[in-house]
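J.: Chain by chain, the residues run as shown.
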Amino acid sequence: MEQLWWDASLWIALALISSLISLRIGISVALVELIVGIIAGNTFRPQISEWINFLASFGAVILTFLAGAELESRTLKRFWKESLVLGIIGFFAPFALAWAAAQFLLGWDLRGAQIAGIAMSTTSVAVVYAVMVETGLNETPIGKLILAACFVDDLGTVIALGLLFTSFGPWFWIFVVLTAVALFLLPKFTPHYLKKVNAHSSEPEVKYIYLVLLVLAYLAVRGGSEGVLPAYLVGMVLADTFLGNRELIRRMRATTFALLTPFYFLKAGSLVDLKAVLTGFGVVVVFFLAKSLAKFFGLYPAGVFFRFTTKINLYTTLMMSTGLTFGTISALYGLTHEIINREQYSILVVVVILTAIIPTLIAQVFFEPKGREREVLFEGGERNV
Amino acid sequence: MFKKILLAYDGSEGSKLAFDKAAAIAKLTNAEFHILAVGRIPEYAETVSEVDEAKEQASNFYSKIMDEAIRKLGQRDLTATSHVDFGKPGDVILRIAEDLKVDLVVLGTNLHSALRRRFLGTTVDKVVDHAHCSVLVIRSGS
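Here the protein sequences come in this chain order: A and B.
Going left to right, the first sequence walks through residues 2 to 386 as this note's numbering numbers them.
Going left to right, the second sequence walks through residues 330 to 471 as this note's numbering numbers them.
Incorrect hints may appear among the rest.
[As the list claims (entries may be wrong)] Mimicking DSSO-like on lysine-lysine, the simulated pairs with C-alpha atoms at most 27 Å apart in a straight line are:
#1 B:Lys333 x B:Lys455
#2 B:Lys401 x B:Lys332
#3 A:Lys208 x A:Lys197
#4 B:Lys384 x A:Lys189
#5 B:Lys417 x B:Lys393
#6 B:Lys384 x B:Lys430
#7 B:Lys455 x B:Lys332
#8 B:Lys393 x B:Lys430
#9 B:Lys417 x A:Lys371
#10 B:Lys430 x B:Lys356
#11 B:Lys455 x A:Lys312
#12 B:Lys345 x B:Lys417
#13 B:Lys332 x B:Lys384
#14 A:Lys312 x B:Lys430
#15 B:Lys332 x A:Lys371
#16 B:Lys384 x B:Lys455
#17 A:Lys312 x B:Lys417
#18 B:Lys417 x B:Lys333
#19 B:Lys430 x A:Lys371
#20 B:Lys401 x B:Lys350
#21 B:Lys356 x A:Lys371
#22 B:Lys455 x B:Lys417
#23 B:Lys345 x B:Lys430
#24 B:Lys345 x B:Lys333
#25 A:Lys371 x B:Lys401
#26 B:Lys345 x B:Lys384
#27 B:Lys401 x B:Lys345
Source of the hints: derived by calculation from the structure; they are not laboratory data.
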């Protein structure tokens, strides 16, 4: 029993250290937790027990739900054509190229190569949003369009992860039907429920969301799918409800960031084998290039088609080349389901970390739209908004 | 002389010195006066709400500091427009200076370790190197 308390103390100490570093250097705690996890995993190797696995998995589900709940449906409707095209290309191009590179260039097996494709297909709405706020672009049309496209891209990733490794047996179809029913009923029922319980101190709203997500995650896993798929979809259908209830999001975030996501990111980092990364550095470069080039050659022509100005087009392309949370979720899914081995996992996670940092830096330094460039979205200006 | 002045202000000792000098110049030149505070938000965030919450906390923190600064200016028969924005201070000061088309940016220095200066640079370095207009840097202790 005392071992449990010791392990818990150790993991929470790592989470606290990560928070303090994040506070000091101004970088998101998720990225710091990943890096602290990598250091811990390659030095004193903290024990990963069953309860840590549960907290980490639950953390991934809640994080995915919060990401889904951040959808701005108005923006998606306003720029539906551009965001759908950019989002779908942003998903498929790197998915296909990284898959092909893994299978035909690096000799990974089919399922392992598919995991590599999924992990490279992502973008990061939150990373992009932070950059948008920094540059003042979040309130501009281009900022909103890029965020909507990132959202569609991530949806592609979550659907691929939820469906690609499924056996499509009877339990899968039960999961599909019950999820569809839940997605239909939740936006109708939830506002009434939230009004009824009225922010009681026993947190019935948070428990209600947790219950919905846990039941659907159970059905997903029982059906051979992945718990993050229904979580993202539930987040999407409840996004408008949550938009008017920011306090609830704040309370959910407090629980999630204090007790759930640290276990997820620390665990994801601690499983990275640095020796494998060093010996497979060439593979890291291959995946980084596969993702970046696929995003560029997929998205840039689409931007030309929509007549984006050159600078806006390059900026959009780079922003959509970022990735963090869903990349690590995909890689960890592959490792825990023994689709990829520890070396392959280590390489994918390091590439994901690099894609969070490098495209963002290049976009900010060289291609950040300034002044009137921020308002002019299209060449010729006839569709300026 | 100067027609529009932007003061970067965070309530620190260095920025308080810059505040006094900027106010004196604004009074002398009858220039339009803007004060800017920059709140940090996490880079490479996990969720959008994480960024929004950091913005909200920074807004609450700096709005009090800005109100106090405006009150002090009022005692000197000066008025100013306050702005709170978010991101890396150097980048945001440059962006707002350009957007407002100011012709002078005033900012103070704060003590940083040599190591931090070497690797991260300072806000002052960035603004002096890249500003489109004149920059007045008030040294701590001057």
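J.: Take a quick look at whether lysine 430 of chain B and lysine 371 of chain A sit within 27 Å of each other, Cα to Cα.
T.: holds, 13 Å
J.: Quick one, are lysine 401 of chain B and lysine 332 of chain B close enough, alpha carbons at most 27 Å?
T.: Holds - the C-alpha atoms of lysine 332 of chain B and lysine 401 of chain B are around 21 Å apart, at most 27 Å.
J.: Given the hinted pair lysine 384 of chain B and lysine 430 of chain B, is their alpha-carbon gap at most 27 Å?
T.: Distance of about 25 Å is within 27 Å: holds.
J.: Would you check the hint for lysine 345 of chain B and lysine 417 of chain B, treating anything up to 27 Å between C-alpha atoms as holding?
T.: holds, 20 Å
J.: Taking 27 Å as the top limit, are the C-alpha atoms of lysine 384 of chain B and lysine 189 of chain A close enough?
T.: violated, 31 Å
J.: For the pair supplied as a hint, lysine 455 of chain B and lysine 417 of chain B, confirm whether the alpha-carbon distance does not exceed 27 Å.
T.: holds, 10 Å
J.: Can the restraint linking lysine 417 of chain B and lysine 371 of chain A be considered satisfied, given a maximum Cα separation of 27 Å?
T.: Between lysine 417 of chain B and lysine 371 of chain A the Cα gap is close to 15 Å, so the pair holds against 27 Å.
J.: Would you check the hint for lysine 345 of chain B and lysine 333 of chain B, treating anything up to 27 Å between C-alpha atoms as holding?
T.: Distance ~19 Å between lysine 345 of chain B and lysine 333 of chain B Cα, so the pair holds.
J.: Decide if the proposed pair is consistent with the structure: lysine 401 of chain B and lysine 350 of chain B, CA atoms, cutoff 27 Å inclusive.
T.: Status holds; Cα separation ~13 Å.
J.: What's the verdict on lysine 393 of chain B and lysine 430 of chain B, does the C-alpha distance respect the 27 Å limit or exceed it?
T.: holds, 26 Å
J.: Does the alpha-carbon distance linking lysine 312 of chain A and lysine 417 of chain B stay inside the 27 Å limit?
T.: holds, 22 Å
J.: CA of lysine 332 of chain B to CA of lysine 371 of chain A, is that 27 Å or under?
T.: holds, 23 Å
Violated hints, in rising order: 4, 13, 21, 25; the structure is consistent with all others.
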